[in-house]
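Spelled out, the chains give:
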Amino acid sequence: MSIGKKRAITAWCFISVPIIYFILVRFYPTLDAFSISLTDWNIVGKKTYIGFDNFIRLWHDPVFWQVLGNTFEYLLLGVPISLILSFIIAHSLDQVRFGHGFLRACYFIPFLTTAVAMAWVWRWFYQPVPVGMINLVLGQLGIKQLDFLRSTTEALPAVLAPAIWAGLGFQIVIFMAGLRAIPQSYYEAAKIDGAGAFRILREITLPQLRPTIVFLTVISSIGFLRIFDQVYNMTQEGEGGPLNATRPLVLHIYKAAFERFEMGMAAAQTVVLFVILLFITIFQLKVLKND
Amino acid sequence: MTKIKAPVSPFRIIVWSLLFIGAVIMMTPIIFMFSASFKYNDEIYELALISSEPTLSNYIYLFENTEFLKWFKNSIFVALASTVSVLFFDSLVGYTLAKFRFRGRKLVFIAILSTLMIPTEMLVIPWYILARDFGLLDSYIGLIFPGIMTGFGVFLMKQFFESVPDDYLDAARIDGLSEFRIFTQIAMPLVTPALSALAIFTFLGNWTAFLWPLIVTSSAELFTIPVGLSSFSGEFQSEWEMIMTGAAVATLPTLLVFLFLQRYIIRGVILGGLKG
Chain B
7 MSIGKKRAIT AWCFISVPII YFILVRFYPT LDAFSISLTD WNIVGKKTYI
57 GFDNFIRLWH DPVFWQVLGN TFEYLLLGVP ISLILSFIIA HSLDQVRFGH
107 GFLRACYFIP FLTTAVAMAW VWRWFYQPVP VGMINLVLGQ LGIKQLDFLR
157 STTEALPAVL APAIWAGLGF QIVIFMAGLR AIPQSYYEAA KIDGAGAFRI
207 LREITLPQLR PTIVFLTVIS SIGFLRIFDQ VYNMTQEGEG GPLNATRPLV
257 LHIYKAAFER FEMGMAAAQT VVLFVILLFI TIFQLKVLKN D
Chain X
3 MTKIKAPVSP FRIIVWSLLF IGAVIMMTPI IFMFSASFKY NDEIYELALI
53 SSEPTLSNYI YLFENTEFLK WFKNSIFVAL ASTVSVLFFD SLVGYTLAKF
103 RFRGRKLVFI AILSTLMIPT EMLVIPWYIL ARDFGLLDSY IGLIFPGIMT
153 GFGVFLMKQF FESVPDDYLD AARIDGLSEF RIFTQIAMPL VTPALSALAI
203 FTFLGNWTAF LWPLIVTSSA ELFTIPVGLS SFSGEFQSEW EMIMTGAAVA
253 TLPTLLVFLF LQRYIIRGVI LGGLKG
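Chains B and X, in that order, give the protein sequences. Sequential numbering from 7 applies to the first sequence in the working numbering. Sequential numbering from 3 applies to the second sequence in the working numbering.
Treat the hints with care, as some may be off.
Quick list of in silico lysine-lysine cross-link-like pairs, BS3-like style, CA-CA up to 27 Å [to be verified]:
#1 B:Lys11 with X:Lys101
#2 B:Lys261 with B:Lys52
#3 B:Lys261 with B:Lys53
#4 B:Lys292 with X:Lys108
Selected chain B positions facing chain X (Cβ under 8 Å, derived; list incomplete) [what the hints assert, rightly or not]:
#5 Ala14
#6 Thr16
#7 Ile21
#8 Val31
#9 Ile95
#10 Trp128
#11 Met139
#12 Asp235
#13 Leu284
Don't read these hints as lab results, they were simulated from the structure. For glycine and all other residues, C-beta sits at the position ideal for the given N, C-alpha and C.
My request is simple: use the sequences and hints to build the entire structure.
Written out as structure tokens, the structure is:
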């Protein structure tokens, strides 16, 4: 047997178990999700094939549109806020020497926390007086109390805040790595040319950070679109209330699948989520290809 | 360019102060969580960080009268088992794809890479049915099986193994080492930075995982910390000092690991984040 053939056999031996695993636990379930989405199935009874009925029902379901709206609200608020904050912090932190390690650690540590645990901490903070810290402080400053989780308009940003907070550390660290990678000579040349701080930012720093910005936009978009832990733990009975005001897609899927056992309907919603995420990935590939 | 040593400008002081205030705000939830865990119920409404009589009674209650200790052990077990498995299998696949030439190599790589586009949320329903059919609901294997290997890890490890020179491996072959031992004893030690990055991501991901453990477990003795904490907090609604103690227990391990391995973790996160 030739060496090449022998090594090919070794290779297949090495990856045989992983290939079976990926087929069984990734590919088959993916196809299964698509196939279940075309059925009406309560998990114990018989699967009835109903074509695209689930998708048509979703299209006509106002609650589903509200849920989709909420999901995109998380995204549209979360991504710009977290990106702008993390860029400003990373950019400033990059220029600071004194206490650099300590400051960076403070910003990074929330990234290592458990979302469920922190959801309860924030939920506690948001309580009305005398329990909640924030309202306690607002009260002492003589500012009007906020309803936070009890209000249909304030609840969504209140639930979003811990998600932004926890992700910030990751984005800052990635931004700082991106900033470090910009050649120092660019800045020196710009200074010799007499460029101001703002022009340097606009014409050197931001363009150079483009891949980093695209990467973080995609990663955080996907993260906010999949928000679940915070909503489940911060809202009354994990319902995504009040009045569905905070309910995101993943929670809606969870409720349909594992509380009402409407598997077909739930699977159809996961397909919707998949398509949205697919568009974002395609967007990323397109943008990076242009570079 | 030589820098002229100037006195610290007021602008820099302002930037530093703002950064410092931001850092304090970032740490506030964590600090208050720990602070509340050492308080009695009637002190929890006070803003004072350190109680006039700090107590460990919440922790004692939690470990003696609830199933937190069990949940803690479950979480450790699930996170460690998944991490060991991911480190082994993902690097084995990454190594094979990087260092062996065989027909179908590209196809296998693209297939595994494409799994990165499938969100977990789409898979939980089929996984649940799979687990039910194999009798794995409410079991440790049920908790662990979706995360035994990851596409992300395979991708990461393949990139790093590609930079390992073939000469090293060939030298080992001439010495008569078996292919498997070349992998474990020669190749693996050369990519330890990638391995530690993967370990950090996998452990953290499993330690904090909520959705799948919530779905697959139904009896309290199999809960992981996040699921246990969630159900526990739902019951203990207004006893915030108990909830904060539970949250502190869930947070402490990753925090301690960070304090000891800060450099490696930040480096690992950058590595995993950028190459992954």
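Here is how each hint holds up against the structure:
1. B:Lys11 with X:Lys101: Cα-Cα ~14 Å, so holds.
2. B:Lys261 with B:Lys52: Given pair Lys261 (chain B), Lys52 (chain B) holds - Cα atoms ~21 Å apart, limit 27 Å.
3. B:Lys261 with B:Lys53: holds, 19 Å
4. B:Lys292 with X:Lys108: Judged against 27 Å, a Cα distance of about 22 Å means the pair holds.
5. Ala14: Because about 4 Å separates Ala14 (chain B) from the closest Cβ in chain X, which is inside the 8 Å limit, the hint holds.
6. Thr16: Cβ of Thr16 (chain B) sits 5 Å from chain X, so the hint holds.
7. Ile21: Nearest chain X Cβ about 5 Å off; hint holds.
8. Val31: The hint holds - Val31 (chain B) has a Cβ within 8 Å of chain X, the shortest such distance being about 6 Å.
9. Ile95: Holds - the Cβ of Ile95 (chain B) comes within 8 Å of chain X, reaching about 6 Å at its closest.
10. Trp128: Holds. Min distance 6 Å.
11. Met139: holds, 7 Å
12. Asp235: holds, 5 Å
13. Leu284: Where the cut-off is 8 Å and the nearest Cβ of chain X is about 6 Å from Leu284 (chain B), the hint holds.
Against the hints set out earlier in the document, no violation occurs for any number.
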